[in-house]
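Enquirer: Here's the letter readout for the chains.
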Amino acid sequence: MGMTLTEKIFSAHLRDEPFPGTKVLGLDVVLCHEITTPIAINDLVKRGKDRVFDPAKIKAVIDHVTPAKDSQTAEQGKILRNWARRHNIKDFFDIGRNGICHALFPEKGFIRPGYTVIMGDSHTCTHGAFGAFAAGVGTTDLEVGILKGVCAFRDPATIRINIIGKVPDGVYAKDIILKIIKTLTVKGATDSVMEFHGDVVRNMTMESRMTLCNMAIEAGGTTGICMPDEVTVDYLWEYVSSDFRDRDEAFQQYRTWWSDENCTYSTVRNVDVTALEPQVTYGYKPDEVKNISEIAGLPVDQIYIGSCTNGRLEDLRIAAAYLKGKTISPAVRGIVSPATPRVFQDANREGIIQIFMDSGFCVTNPTCGACLGMSTGVLAPDEVCASTTNRNFPGRMGKGGMVHLMSPAVAAVTALEGKIADPRNYKRKEI
Amino acid sequence: MKQFGGKVLFLDRADINTDEIIPAKYLTEISKEALKPHMLEALKLEGFDQRARSVGEAGVIITRDNFGCGSSREHAVWVFEVNNIHVVIASGFARIFRQNMFNCGMLAIELSAKEIDMLFAHNGHNAKVSVDFEKDTLTVSSDRGAETIAYQITDFDKELVKAGGWVEFADTKY
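In the order they appear, the protein sequences are chains A and B. The first sequence begins at 1 in my numbering and counts up by one. The second sequence begins at 432 in my numbering and counts up by one.
These aren't lab readings, by the way, just hints derived from the structure by calculation. Careful, some of the hints might be misleading.
[To be verified] Quick list of in silico lysine to aspartate or glutamate cross-link-like pairs, DMTMM-like style, CA-CA up to 20 Å:
| id | chain 1 | residue 1 | chain 2 | residue 2 |
| --- | --- | --- | --- | --- |
| 1 | B | Lys456 | A | Asp169 |
| 2 | B | Lys589 | A | Asp155 |
| 3 | A | Lys427 | A | Asp169 |
| 4 | B | Lys456 | A | Asp382 |
| 5 | B | Lys589 | A | Asp382 |
[Claimed, not checked] To give an idea of the chain A side of the interface with chain B (calculated C-beta under 7 Å), a few residues:
| id | residue |
| --- | --- |
| 6 | Thr139 |
| 7 | Asp191 |
| 8 | Thr222 |
| 9 | Arg396 |
[Claimed, not checked] Beyond 12 Å from chain B on every Cβ pair, some chain A residues (computed):
| id | residue |
| --- | --- |
| 10 | Pro38 |
| 11 | Pro55 |
| 12 | Asp94 |
| 13 | Lys148 |
| 14 | Thr190 |
| 15 | Gly198 |
| 16 | Asn291 |
| 17 | Glu294 |
| 18 | Ala321 |
| 19 | Gly360 |
| 20 | Gly369 |
| 21 | Tyr426 |
Beta carbons: idealized from backbone N, C-alpha and C, even for Gly.
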């Protein structure tokens, strides 16, 4: 009987099965940020258990509200910072070196194929792009992860999604995942892993794969997973080159994690993207998705390009190719937030930051801020944001505000027109 | 172990997410108690008044499918905990929210859509729920009468509730 990638990881990391169907796994990495970790830290202190299972396997960042906007957020940062210091957590990223966790940690090479990863953040599923089992958890699971290096999971089922066909111009990973969420609904993958296969995925960059996996949670998925391949090896090579004779050896080793041909899937779905249009959400749930042709023309107040979904260099390049030489509509305000310092620097070197600023965008430092209505771009009641983020829940970006989720391409041309626009009507420029 | 039962708050909508239960702007609080006044503050549900007495007096929530979807924030469980709501009964839960409930020693009870419909028939009739944790049954009683329904939770989740949560369980065992 063959195994899925997830079953292989579960089998390799199994510490205990206290009851049938409950698997306690050893953890390779525990990721922490300043919103969900401080309460875990305070609780450990209160219990007299202020310890960490392995400081080298804990990675921490201040990313949600940075720079601190008030005394409370400053305090959260302080708790995390002091904790990282007293436990000698070397991979702690403070202001100046901090970025959005799900962009920063992969960029640092912390996520490897076959790893188990948890974080007190639902978009931890992003890291499945590397062929890891990466799941968002609550603060209590995080606390136990920090203390003991374990986490309990039910055996998840796996849904296989074959993404096939030719990707049309103006269509990107974000459109594909929005379409998949629309098909599955917001609960269609609950207690399941979403495994992404097919030529379209094989041809995707790691950035695009991260966009794809990032939104698995919006269909209820425990995580999204891509099979680790040559693209994965290339992305990680600067960190893993000393572990292997050459890239092919790394690939052959990573390949052992692939789901076996005769493994069991709960469902197999084919998604042909050949005729796919750019996708945009219209309501208050991520499965409320329309084709651009059905929604173009709706006015918006703010454009936001950034987040763990679409704040990477590739995303900024795409947006800039539509914005170059143009200015955004006076009816809207535009905000772009490069996801990490490296993304910011690379974008600066490539002239992308200049393009954004020339077009009238405000460029912020790397932070999660606006995506969840915490800082750097909160909406007023009745305002509408065209956003490359992942959630359009009521009040998500500010009480009474509304969010349309879309790709960086749609967001860029929407900024130009001041209303939801179709990137297929525009020519991209060389940047 | 916590106390389970009390007056019922019915939330007649599917896919209620954790941003609605507790908006992100309150995630800067570092005490659970500070969350108390903000429970369900962003809930999009016609006729729902977050400040109504029926909300403050509730000990149990009965709702529809995919409750607690979205963000992993355990604040969505804590805000119920500090408001003395220790039981949520739904026709389905998002994985992280459900685990957060049991990890805090609270009960997330999943029933069929039909059973949830039966419970909703008591909406507006002073409904109360009591839970027999040993027997895995719950009883709803209201002006319309009483009925008892058997529920299932996993052995692991039951142990977590008995232990008072995952930290205690894990610390003893691992």
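Enquirer: Against the structure, test the hints numbered earlier, and report the numbers of the ones violated in rising order.
Expert: Failing hints, ascending: 1, 5, 10, 13, 14 and 20.
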